[in-house]
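Asks: So you can see what is in the structure, the chains are spelled out below.
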Amino acid sequence: MMSKENLPPVWNRVGKHGVFPEANHDEIARYNFLANLNRYLATVVSPGNKIAYEKRVRPKFQAERDRDFETREEVREAMKKDPHYQAWSALRRSSMEMRQQAGRSLVLHQANELAEKAERLNQGKDTLKLNPDLEIPHYVRVVDHHCMPGSYYTELMEGDVTAAANYDSGLFVTTTGLLGRMNDGGGRAISQWLKTEHPEFQPKRILDIGCGLGHNVVPIAQAYPDAEVIAIDVAAPMLRYGHARAQDLGVNNITFIQMDGANSGFADRSFDWIQTTMFLHETSSKSLHRIGKEIYRMLKPGGLTLHIEQPQYSEDMELYEQFIRDWDAYYNNEPFWSKMHDIDVKELLTKAGFKEEAFIQIAVKAANDIAEGQQAEKTVEDYGRSPIWNVFGAWK
Amino acid sequence: MEAIDRLLLANSKSKGKRPYFFDDPAVERVLNITLAVAMEHAVTRERLDTIERLLIAKGILSRAEIDTYEPDTIAAEERQRWQAEYIARILRIIQQELEALENPENNRDVEDIAEELGRT
Numbered sequence: 002m003m004s005k006e007n008l009p010p011v012w013n014r015v016g017k018h019g020v021f022p023e024a025n026h027d028e029i030a031r032y033n034f035l036a037n038l039n040r041y042l043a044t045v046v047s048p049g050n051k052i053a054y055e056k057r058v059r060p061k062f063q064a065e066r067d068r069d070f071e072t073r074e075e076v077r078e079a080m081k082k083d084p085h086y087q088a089w090s091a092l093r094r095s096s097m098e099m100r101q102q103a104g105r106s107l108v109l110h111q112a113n114e115l116a117e118k119a120e121r122l123n124q125g126k127d128t129l130k131l132n133p134d135l136e137i138p139h140y141v142r143v144v145d146h147h148c149m150p151g152s153y154y155t156e157l158m159e160g161d162v163t164a165a166a167n168y169d170s171g172l173f174v175t176t177t178g179l180l181g182r183m184n185d186g187g188g189r190a191i192s193q194w195l196k197t198e199h200p201e202f203q204p205k206r207i208l209d210i211g212c213g214l215g216h217n218v219v220p221i222a223q224a225y226p227d228a229e230v231i232a233i234d235v236a237a238p239m240l241r242y243g244h245a246r247a248q249d250l251g252v253n254n255i256t257f258i259q260m261d262g263a264n265s266g267f268a269d270r271s272f273d274w275i276q277t278t279m280f281l282h283e284t285s286s287k288s289l290h291r292i293g294k295e296i297y298r299m300l301k302p303g304g305l306t307l308h309i310e311q312p313q314y315s316e317d318m319e320l321y322e323q324f325i326r327d328w329d330a331y332y333n334n335e336p337f338w339s340k341m342h343d344i345d346v347k348e349l350l351t352k353a354g355f356k357e358e359a360f361i362q363i364a365v366k367a368a369n370d371i372a373e374g375q376q377a378e379k380t381v382e383d384y385g386r387s388p389i390w391n392v393f394g395a396w397k
Numbered sequence: 003m004e005a006i007d008r009l010l011l012a013n014s015k016s017k018g019k020r021p022y023f024f025d026d027p028a029v030e031r032v033l034n035i036t037l038a039v040a041m042e043h044a045v046t047r048e049r050l051d052t053i054e055r056l057l058i059a060k061g062i063l064s065r066a067e068i069d070t071y072e073p074d075t076i077a078a079e080e081r082q083r084w085q086a087e088y089i090a091r092i093l094r095i096i097q098q099e100l101e102a103l104e105n106p107e108n109n110r111d112v113e114d115i116a117e118e119l120g121r122t
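Same order as they appear, the protein sequences are chains U and A.
Here the numbering used here is used: position 365 in the first sequence is 366, and no number is missing along the way.
Here the numbering used here is used: position 31 in the second sequence is 33, and no number is missing along the way.
Rather than coming from a laboratory, the hints here were simulated on the basis of the structure.
Check each hint, because a few of them may be wrong.
[Stated by the list, open to error] Here are the computed distance ranges between Cβ atoms for each label pair:
| hint | chain 1 | residue 1 | chain 2 | residue 2 | range |
| --- | --- | --- | --- | --- | --- |
| 1 | A | L56 | U | S271 | 52 to 60 Å |
| 2 | U | G19 | A | L63 | 24 to 32 Å |
| 3 | A | L63 | U | P48 | 41 to 49 Å |
For every residue, glycine included, the Cβ atom is placed at its ideal position computed from N, Cα and C.
Taking the hints into account, I'd like the entire structure generated from these sequences.
Replies: Dropping the structure here:
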């Protein structure tokens, strides 16, 4: 009995592992409510913004100015006054805040147990390297991304992993399960693409920059089990949790290191593949260019770099779509998102040293292992949160 | 064991100014409170559902049993449908405002209709 109502999977379907937080009945129910709220907002309320734009906001602007919109900022200023857009925005923001509250209340009461679970899996392993002296980059400190209080890096106690446990347990809710049981649809999609399109490419050393809790690097390491994979991030709670999670899943070829991607100190030409997944839009302009140059320096000749992001804003993209995709930038605390998607990514890579003809750009869809999720994938377009990405990169 | 104030920390604000979308921030405040109440009601409803299912199945009730309850495929779908219907019910006014916008022919002023009916 497949329903037409496009229901998100119950949270019970989320993939669990040895460091995953325990959730009681009511905590699961709270997540189920929020996943349904997000699905409703994405499928019923969000499309109304386009209707309001076409029927109300745009005609009014045209009548007043005697011309059409010329920039997405003009669209945003005009839409801000629209009651439907206001209601959707207020609901979406509220839903994100409630998701953070639900996740934090779930993990904080088991903060000690989670730290102990992680420590048991991490102790004695040389594949986790933390650096308490690492300076957290300004772009991470300046704002709490996705309205996560304390962001990725804040430690509430010794050995804290709550930031990661919150992220891991709640991502399934924000994305309504569309990234698969382990929230790893991005990593699975890119490794499947690479194995299919370039079976001759056998990377021996892989670097993942801004790995977070490693949910996307694990499928990459599984796809290339003989490769040495290095996953770096600036946030200790994410690395502790990510390493423990990978160990528990039986993935032992990843070394998690606390490092800044713009200044990692790895040797020239020391990697075959350098990957980022939904990371670059959380940096800043200068860091992005520095990371680009570092990637070029660290790649071996014949090596590959790939970056999973949302589609760039180009002249071909309608102003309305640019405007609606910008919502997360301003209202879900991802301020660089807007600037990042304006950048000519080909130019970014050629400035870093790559040849123009070596540039590649592809679209990939999340590989999803949930039957309900596959069904939903066809119908949900939740700009900026859809499991369909723009991947750009280059061969060196 | 280090002591952390869970209640406060779970509800703390993220760094970055909070946007308010309505002209009157009080409206936004009420909306946020209402949504939280809506969620808690959903939680209670789901718990009740669990208890009922367990009672029917076994006639025995324990807290641990409720906390470890895993819905089967059919129960999962029924529960998610309930959540979906519940949300649609609470946010009904928004859907209706949209329908009015999309189909203005079905949204004529009733006083005008009264006038018209009086004439025809």
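Asks: Would you mind marking each hint as holding or not holding in the structure?
Replies: Now for the hints, and whether the structure bears them out:
For A/L56 and U/S271, the hinted distance range of 52 to 60 Å is satisfied, since their beta carbons lie about 57 Å from each other. Evaluation of the 24 to 32 Å hint for U/G19 and A/L63 yields a pass: the beta carbon distance comes to about 30 Å. At roughly 43 Å, the beta-carbon separation of A/L63 and U/P48 lies within the given 41 to 49 Å, and the hint holds.
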